[in-house]
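Please build the complex by placing chains F, G and U on the supplied structure of chain A, with the hints as guidance.
Chains as they are written, first to last, in my numbering: chain A, 17 to 271; chain F, 17 to 271; chain G, 17 to 271; chain U, 17 to 271.
Hints are computed from structural coordinates only; laboratory data are not their basis. The structure presented is a predicted model; accordingly, all values stated were derived computationally and were not measured. Any given hint could be a false lead.
Rough simulated footprint, nothing fancy, chain U against chain A, three-plus residues with beta-carbon under 8 Å [to be verified]:
#	region
1	29-37
2	81-90
Residues of chain A placed beyond 12 Å of chain G at every Cβ, according to the derived structure [claimed, not checked]:
#	residue
3	R63
4	G118
5	A133
6	R149
7	D152
8	R178
9	T187
10	G190
11	T191
12	L192
13	V193
14	E207
15	E234
16	V261
Positions of the beta carbon are idealized from the N, C-alpha and C atoms, including for glycine.
Residue-level listing of the chains:
Number of protein chains: 4
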Amino acid sequence: MRIDLNSDLGESYGNWELGDDAALLAIVTSANVACGFHAGDPTVLRRTCDQAVEDGVVIGAQVGYRDLAGFGRRFIDMDPAELTNEVLYQIGALDSFARVAGDRVRYVKPHGALYNAIVHHEEQAAAVVEAVRLYDARLPVLGLPGSVWLRLAAEAGLTVVREAFADRAYTPQGTLVPRRHPGAVLHDPSEVAERCLRMVRGEPITASDGSRLHIEAESICVHGDSPGAVRMARAVADRLSAAGVDLAAFAAPER
Amino acid sequence: MRIDLNSDLGESYGNWELGDDAALLAIVTSANVACGFHAGDPTVLRRTCDQAVEDGVVIGAQVGYRDLAGFGRRFIDMDPAELTNEVLYQIGALDSFARVAGDRVRYVKPHGALYNAIVHHEEQAAAVVEAVRLYDARLPVLGLPGSVWLRLAAEAGLTVVREAFADRAYTPQGTLVPRRHPGAVLHDPSEVAERCLRMVRGEPITASDGSRLHIEAESICVHGDSPGAVRMARAVADRLSAAGVDLAAFAAPER
Amino acid sequence: MRIDLNSDLGESYGNWELGDDAALLAIVTSANVACGFHAGDPTVLRRTCDQAVEDGVVIGAQVGYRDLAGFGRRFIDMDPAELTNEVLYQIGALDSFARVAGDRVRYVKPHGALYNAIVHHEEQAAAVVEAVRLYDARLPVLGLPGSVWLRLAAEAGLTVVREAFADRAYTPQGTLVPRRHPGAVLHDPSEVAERCLRMVRGEPITASDGSRLHIEAESICVHGDSPGAVRMARAVADRLSAAGVDLAAFAAPER
Amino acid sequence: MRIDLNSDLGESYGNWELGDDAALLAIVTSANVACGFHAGDPTVLRRTCDQAVEDGVVIGAQVGYRDLAGFGRRFIDMDPAELTNEVLYQIGALDSFARVAGDRVRYVKPHGALYNAIVHHEEQAAAVVEAVRLYDARLPVLGLPGSVWLRLAAEAGLTVVREAFADRAYTPQGTLVPRRHPGAVLHDPSEVAERCLRMVRGEPITASDGSRLHIEAESICVHGDSPGAVRMARAVADRLSAAGVDLAAFAAPER
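For reference, chain A alone in the conformation it holds in the complex:
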């Protein structure tokens, strides 16, 4: 059994620090590195890519809307052709640092409002798919199972990788319980770790209504934006390792 652990990294900006990248890079196997449009500046990207390569973590492009003030968390009703170009710009910029660090960008994962938009928004989903296809059609894309984004990516011939969320409650239909609902976010590290192990083993987890639910995913998303988040990520990694699960990136790094 094997699974990938991915996390958002490189989200500091200038004088503003965010997240404990060093701690996360010692835990995860894939780093979704921000590309400067919603978070991350060139120096942050350089440092994050250098550390990722040093730690054997695969670098992915965490692309988003150009919205520093909103951290990419606000839907922008962009022209799809412009969105394709904005994504191309971001991947290329990050790739510069990945290459200087000795590897390269190995996958793409949209961020925030863009991630959520392309679960349903056909035009924007197609626009991001087109950007990946143009940049390098061999790059896998990471996203929500059942999303328009992964469907269109597959149709375009891209490799799709599905992710589960370690600390989020699921509805019986397999979608995430919205954050504003009670119980939407799980807080007990050992419960979360156990639940991740069940997902990896193909065993059902408990949905928000108590029913049993199968989640199929090749990667699990963990967070690192608070000391508690880092502890939880560590608990997940430790539990999986102890159970003999191989923590390995879905995209192989440069050798």
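What follows is chains F, G and U alone, placed relative to chain A:
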């Protein structure tokens, strides 16, 4: 005899248009394409790269300070390490579009205040050299003869390309007459064209004090930000071609 | 009979020029001056306010989404409380220049995608109303007749001013024919001028289906982003003046 | 005896938090609130102004270069006329929130590289003075004793307020020991507090070479960007209060 003609392109931004890129691309052999930090947005970069490749014009990265409001024309006293990273970011971003267009970034030319700063500023010059070296040490760099920038680039093993300015008066020492001085900018297309031909032939031109001056350059910079500028660029290209000068990029495009 | 003529001004940014502000300021009675979030930089705002006061034109705040790259023309799904604050910021910034010029901001008109959004979007409309109310509840607001924006503004006790568009076709229901439809934009200056006169006189104009339509408005919006637009604005102003219509701002300038 | 305590506040931006504003507002008497050009977004400004007024703290405009990526800490060689306009823009924007909170901007303190530049840079110092004079010539300005900034402000008829730094070592000449030198920053709260008391009492402090130095200041700058910084600010305020010093803003808030 051969010479390269280079010009700044891709300097529009969103709803704001600047310069007649289509006209210039029919004249020049090398396009210094803005990279989004002082001018140019992703859609402008995409379009400019596509047209450049279509017209057989070589794409270079016109890198600058991150200063849209100032169009990169204001010196910023940046940390050199951060400057290296900002330049890496810009080259990578532009390269994305150059590659999608079927070619790639083939040289680097700093813009505006950065161009002027690194004529003398050792740390910033070294920072830009380091960025090019890290990105791809085979990329030539374009700049002012006698600048610290070209000296350090050569010392780092980069190929240096010297440029002359078609429409600017020169001091007897071979530096540009500052723009605020009378006669700093030449306005007569046929005089400018004739002068360019003299430079290409290795013949002396007349300096601002009437003395004779030899300018050695592998490229001539022309402008396209006004109808008059385009006419002058056209006059230069026509005069050189009529005299049997081969207008050819110093960096070969992809074949 | 009297009418106000309003136009978008101050939309240049740094090195990028847009629109013929000087020509428009000689024609209109109210200047919707951009505030720096989607267009306009501090120096542009200063110059525009100075010229407006010199020409006796009333200054209004053309507030928009923070989106320079998109010129404020893309809907952003912002938190309403944040939108209120962004509008407060913009009005205050512009007011600084209006006051230095000897007057002050005298009304508010949302721009682009924000203008369009708050025709229907209750939360964003209420957010902009709240900003005006907090800044100065005596400021009139300018907008589309029938919009949620004007309805909520009136309910909040603000003075509402309705505008008509000089060069746009109307549906039989009195809404604008979308730009992508044929005939959406009128191009004949004398026809447009005549039509404006009919609106001012309370006479029906011809809707897109040939039916007769009454448009009630206290202001007419004209454009200045091309030589043709300026000619049309001039034609409208001349026709109205010749017919004895008093061109006067709805908001009185400082005396 | 009385003294003002000032601190930089409102420096968070979007999703990025910086400093413990709530803790500082319970300690200081004057809040230098960032204005959005180098730090602070509209929602941060609104919240900071509201809390300042609630806590009886006077609001000042912390104006800086337009440089989010560099946090305003990099010198920008701006045109002085543009700098005047950028400062006017910032003061007006902040004033919007100060007024909504029930007070108004009551002084101006430049930030970061601008603060440092106008210690010596005549043109930029004059540009900031001009902005304050144009906005409201009754606004006091806060700065370094002996700076060109305070000299030109005084010559322009503005009220100048001198500040001392609680935790910085001074040279025998009364200038700050550069941060890169050993001993430049003091870390012992009780030593710092005692030193502040001596300054307030007009007693000499010990300069970096052991000599005695008199510092004349109407305000002391304290920091709040770390738990240790807040403890030190608290220690300074407590020591001064215990010694009977009246902690009071130099500019009176609205009553």
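Exercise. Taking C-beta pairs only, is D152(A) more than 12 Å away from all of chain G?
Worked result: Label holds. Min Cβ-Cβ 25 Å, cutoff 12 Å.
Problem set entry | Cβ separation check - R63(A) to all of chain G, threshold 12 Å | Answer for R63(A): holds, closest chain G Cβ roughly 26 Å.
For this session: Find the nearest Cβ of chain G to the Cβ of T187(A) and say whether that gap is larger than 12 Å.
Result: holds, 23 Å
Problem set entry | No chain G beta carbon within 12 Å of R149(A)'s | holds, 23 Å
Problem set entry | chain G versus E207(A) - minimum CB to CB distance exceeding 12 Å, so not interface | Nearest chain G Cβ is 32 Å from E207(A), so the label holds.
Exercise. Going by Cβ atoms, does G118(A) stay more than 12 Å from chain G at every point?
Worked result: holds, 33 Å
Exercise. Minimum Cβ separation between G190(A) and chain G greater than 12 Å?
Worked result: Its Cβ never comes within 12 Å of chain G, the nearest being 25 Å, so this holds.
For this session: Test the statement that L192(A) is away from the interface with chain G: the closest C-beta pair must be farther apart than 12 Å.
Result: Non-interface label stands for L192(A): nearest chain G Cβ at 18 Å, farther than 12 Å.
Problem set entry | Least C-beta distance from V193(A) to chain G larger than 12 Å | V193(A) is indeed farther than 12 Å from all Cβ atoms of chain G, at 21 Å.
For this session: Please settle this one: E234(A) was flagged as non-interface, so is its CB more than 12 Å from every CB on chain G?
Result: holds, 30 Å
Problem set entry | Status of A133(A), Cβ more than 12 Å from any chain G Cβ | Nearest chain G Cβ is 9 Å from A133(A), so the label is violated.
Exercise. Just checking, T191(A) versus chain G, shortest CB gap more than 12 Å?
Worked result: About 20 Å separates T191(A) from the closest Cβ of chain G, which puts it past 12 Å; holds.
Figure legend: structure checked against the earlier numbered hints; the only hint not met is number 5.
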